[in-house]
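Engineer: If you want the building blocks of each chain, they are given just below.
Number of protein chains: 2
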Amino acid sequence: MSLLVIGTVAFDAIETPFGKTDKIVGGSATFASLGASYFFDDIKIVAVVGDDFPQSEIDDLNKHNINTDGLQVKKGEKSFFWSGRYHDDMNSRDTLVTELNVLADFDPIVPETYQDCEYLMLGNLSPQVQQTVIQRLHKRPKLIVMDTMNFWMDIALDELHKTLQMVDVLTINDAEARQLSGEFSLVKAARKILTMGPKYLIIKKGEHGALLFHENKIFSAPALPLEEVFDPTGAGDTFAGGFIGYMAKAGTVSFDNMKNAIIYGSALASFCVERFGSERLRNLSQDEISARISEFVGLAKFEI
Amino acid sequence: MSLLVIGTVAFDAIETPFGKTDKIVGGSATFASLGASYFFDDIKIVAVVGDDFPQSEIDDLNKHNINTDGLQVKKGEKSFFWSGRYHDDMNSRDTLVTELNVLADFDPIVPETYQDCEYLMLGNLSPQVQQTVIQRLHKRPKLIVMDTMNFWMDIALDELHKTLQMVDVLTINDAEARQLSGEFSLVKAARKILTMGPKYLIIKKGEHGALLFHENKIFSAPALPLEEVFDPTGAGDTFAGGFIGYMAKAGTVSFDNMKNAIIYGSALASFCVERFGSERLRNLSQDEISARISEFVGLAKFEI
Chain A
1 MSLLVIGTVA FDAIETPFGK TDKIVGGSAT FASLGASYFF DDIKIVAVVG
51 DDFPQSEIDD LNKHNINTDG LQVKKGEKSF FWSGRYHDDM NSRDTLVTEL
101 NVLADFDPIV PETYQDCEYL MLGNLSPQVQ QTVIQRLHKR PKLIVMDTMN
151 FWMDIALDEL HKTLQMVDVL TINDAEARQL SGEFSLVKAA RKILTMGPKY
201 LIIKKGEHGA LLFHENKIFS APALPLEEVF DPTGAGDTFA GGFIGYMAKA
251 GTVSFDNMKN AIIYGSALAS FCVERFGSER LRNLSQDEIS ARISEFVGLA
301 KFEI
Chain B
1 MSLLVIGTVA FDAIETPFGK TDKIVGGSAT FASLGASYFF DDIKIVAVVG
51 DDFPQSEIDD LNKHNINTDG LQVKKGEKSF FWSGRYHDDM NSRDTLVTEL
101 NVLADFDPIV PETYQDCEYL MLGNLSPQVQ QTVIQRLHKR PKLIVMDTMN
151 FWMDIALDEL HKTLQMVDVL TINDAEARQL SGEFSLVKAA RKILTMGPKY
201 LIIKKGEHGA LLFHENKIFS APALPLEEVF DPTGAGDTFA GGFIGYMAKA
251 GTVSFDNMKN AIIYGSALAS FCVERFGSER LRNLSQDEIS ARISEFVGLA
301 KFEI
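Chains A and B are the protein sequences, given in the same order. The opening position of the first sequence corresponds to residue 1 in the numbering used here, with each subsequent residue numbered one higher. The opening position of the second sequence corresponds to residue 1 in the numbering used here, with each subsequent residue numbered one higher.
Fair warning: there could be bad hints in the mix.
Treat identical chains as interchangeable: a pair holds within one or across any two.
Stated by the list, open to error - In silico DSBU-like links for lysine-lysine, alpha-carbon gap of 35 Å or less:
hint, residue 1, residue 2
1, 259, 249
2, 301, 20
3, 75, 139
4, 20, 192
5, 205, 188
6, 249, 162
7, 63, 188
8, 188, 23
9, 188, 259
10, 75, 301
11, 162, 74
12, 20, 142
To be clear, the hints were calculated from the coordinates, so they are not data collected in a lab.
Turn these sequences into a full structure, and let the hints steer you where they fit.
Structural biologist: Structure, rendered in C-alpha cells:
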C-alpha cells in the first residue's frame with residue numbers, strides 16, 4: 001500500500017523582502033512528497049525533470065523514503081523553472097519567469113510497481129495530466145486529493161471540471177474557491193464546489209488557517225501566528241503532502257481523521273515558510289513536529 | 001457590582017448590497033450593552049443623545065436590564081448620526097455622512113449610583129472621553145476593556161496612548177493593530193501593543209475569527225462561516241459587549257475565561273450581522289445563543 005504523489009519537480013528562483021535565491025529545487029511534488037514523508041514511508045512520485053537536475057537532489061528524496069522510479073529524466077532537456085518576487089505583505093507575488101521546458105509535453109508514465117497505490121496526491125499541475133494519472137491506475141485509489149490553482153481555472157477550466165469529478169478532496173485557497181464557484185461567501189462557494197465532484201473541500205486561508213467542508217459539516221483549523229514568513233513558496237504543497245501523508249498513516253477516510261490531517265499539514269507548512277524553498281523540510285525531527293502540533297492544540301483549545 | 005458601558009447611542013443609515021435603511025438606532029454603547037445584556041443583568045450606560053431620540057428606544061434598552069440614568073438627553077440638540085455604504089465584499093465601506101451633533105462636546109457624567117462598577121467597557125469613542133470616565137470612577141474597576149478604531153489613531157494618537165496605559169484589554173481589528181504598531185506581522189504587532197498598557201490584546205479578524213494575546217500565550221478563535229453577512233454594522237461593538245458581559249458573569253479575570261468570552265462575543269456578533277443594525281440583538285433567546293455556541297464548539301474541535 002503506497003502513497004503516490006504527482007506534480008512538478010523543478011527549479012525556483014525566489015525573491016522575498018528577506019533576500020533572494022539562485023535556482024533552488026522546488027516544485028509541487030517535491031514539497032508534497034517531503035511533507036508526506038514525515039508521516040508515511042512508502043511514497044512514490046511521478047514527475048519529470050531535465051538532465052540539468054542534480055542526482056544529489058534525487059538521492060536526497062530517496063533518503064526520505066521517496067521512490068523516484070517514476071521520475072523521468074529527459075536527456076538534453078531542461079527542468080521546469082519558475083521565478084517570482086514576493087511583495088512586502090508576503091501574500092501576493094509577481095511571476096518573473098516561467099519556463100515550462102520538460103513540462104511542455106509531460107506524459108506521466110506510471111511504473112507497474114506503482115500500481116499498489118491506495119492514496120493519490122495530485123499536486124498542482126495541468127488538470128489533463130492529473131486526469132491521465134488517475135486513468136492509468138488499474139484500481140481506483142482509496143483517497144484522491146487534488147491540489148490546483150487559479151492559473152488552471154483561467155486556461156483549462158473544462159479539463160479542471162473533468163478532473164474534479166474524479167477526486168475525493170480538493171484543496172484550494174479562498175480566492176480560488178471564489179473564482180471556481182463565482183460566490184463570494186465561502187459557505188456558498190463550498191456548497192457549489194461540493195456538487196462538482198469532490199466530497200471534501202479544503203479552503204486554505206494562509207495566515208488565517210483552513211476550512212474543511214464535507215456534507216453539512218465544517219471544521220475551522222487555526223494557523224499558527226508566525227512572527228515572520230520568510231518564504232511562502234511551497235507552503236500549500238507541503239500542507240497537501242502532510243495532509244495526505246497523515247491520512248495514509250491513519251488508514252481510514254473519515255472527517256475526524258481529516259481534521260487531524262489538516263492540523264498536521266498546517267504544522268508542516270508552518271515549518272516550510274521559515275526558510276527558502278524546501279530547506280526546512282529536509283531535516284525536521286519528529287520532536288520538532290510534535291512540539292509544533294502541541295502549539296496548535298494549545299492555540300485552538302477552549303473548554304465550554 | 002455592575003458593568004458600565006460607555007460609547008455612542010446614535011442614529012445610523014446604512015446601505016448594503018441587500019438594501020438600505022432610514023435612520024435606525026445604532027452606536028457603540030447600544031450594540032455593546034445589548035450584547036452584554038444576554039449574559040449579565042446589571043448594566044449601566046453613559047452616553048449622550050439629542051431630544052430627537054425616541055423614548056421607546058430608551059425603554060427598550062431598559063427592558064434589557066440596561067440602566068440609562070447616565071444617558072444624557074440634550075434638549076434642542078440632535079443625536080450623533082452616521083451614514084455609510086458597504087461594498088460588495090462587506091469588508092470595506094464608505095462613510096457618506098458623519099454629524100457629530102451632541103457628541104461634539106460630550107462630557108461623560110458618571111452618576112453616583114454607577115460608582116459600584118467593577119467591569120468597564122469603553123466602547124468606541126474619543127480616547128479623551130474614555131479617559132475621563134476612568135478618572136471619574138472613585139475605584140478602579142476590576143476589568144477595563146477598551147475598543148477603538150483607526151479614526152482615533154489618525155487624529156488623536158497621543159490621547160489614545162494615554163488611555164491605553166489605563167486599560168486591561170484592547171480590542172482592535174488586524175489593520176488597526178498593524179497601524180498602531182507599525183508592524184505587519186500580527187505576532188510582532190501584538191508584542192509591541194502589549195508594551196503600551198493593555199495586558200490583553202484581542203485582534204478581530206472578521207470572517208477569520210479573532211486572536212487573543214497575553215504574555216507569551218495566544219488563543220485563536222474561529223469565526224462561524226456565514227452564508228451571508230447582511231449588515232456588519234455594530235458587529236465589533238456587539239463582540240466587545242458579549243465579551244465583557246461574559247467576563248462579568250464569570251467573575252474572575254483569567255486567560256481561560258477570556259477564551260470563552262471571545263467565543264460568546266463572537267456568537268453574539270454572528271447574530272448581529274444577520275439583520276440591519278441592532279434588530280437581531282433585540283429578541284434573542286438563550287436557546288438560540290446556546291445552539292450557536294454549540295456550533296462554535298463543533299467547528300473548532302479536534303482530538304489530537
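Engineer: So, for every hint listed, does it hold in this structure?
Structural biologist: Against the structure, the hints:
Taking identical chains as interchangeable, the C-alpha atoms of residue 259 and residue 249 lie at most 35 Å apart whether they share a chain (14 Å) or sit on different chains (33 Å). Proximity of residue 301 to residue 20 under the C-alpha cut-off of 35 Å is found in neither arrangement, the shortest distances being 38 Å within a copy and 39 Å between copies. When the C-alpha separation of residue 75 and residue 139 is checked against a cutoff of 35 Å, the pair qualifies only within one copy, where the shortest distance is 32 Å, while the shortest distance between copies is 81 Å. In the homo-oligomer, the alpha carbons of residue 20 and residue 192 lie at most 35 Å apart only across protomers (28 Å), although the nearest pairing inside one protomer, at 40 Å, exceeds that limit.
In the homo-oligomer, the alpha carbons of residue 205 and residue 188 lie at most 35 Å apart both inside one protomer (16 Å) and across protomers (20 Å), since each shortest distance falls under that limit. For a Cα distance limit of 35 Å, the shortest separation of residue 249 from residue 162 inside one copy, 29 Å, qualifies, whereas the shortest one across copies, 55 Å, does not. Taking CA atoms no more than 35 Å apart as the test, residue 63 paired with residue 188 passes in neither setting, with 44 Å inside one copy and 37 Å between copies. For the homomeric pair residue 188 and residue 23, the shortest alpha-carbon distance between copies (31 Å) is at most 35 Å, but the shortest distance inside one copy (41 Å) is not.
Both within a single protomer and between protomers do residue 188 and residue 259 lie at most 35 Å apart by alpha-carbon distance, with minima of 21 Å and 29 Å respectively. Within a single copy, residue 75 and residue 301 get their C-alpha atoms no closer than 53 Å, and across copies no closer than 51 Å, so neither meets the 35 Å cut-off. Taking identical chains as interchangeable, the C-alpha atoms of residue 162 and residue 74 lie at most 35 Å apart only when both belong to the same chain, with a minimum of 29 Å there against 67 Å between chains. In this assembly of identical chains, the alpha carbons of residue 20 and residue 142 never lie at most 35 Å apart, being 41 Å within a copy and 51 Å across copies at closest.
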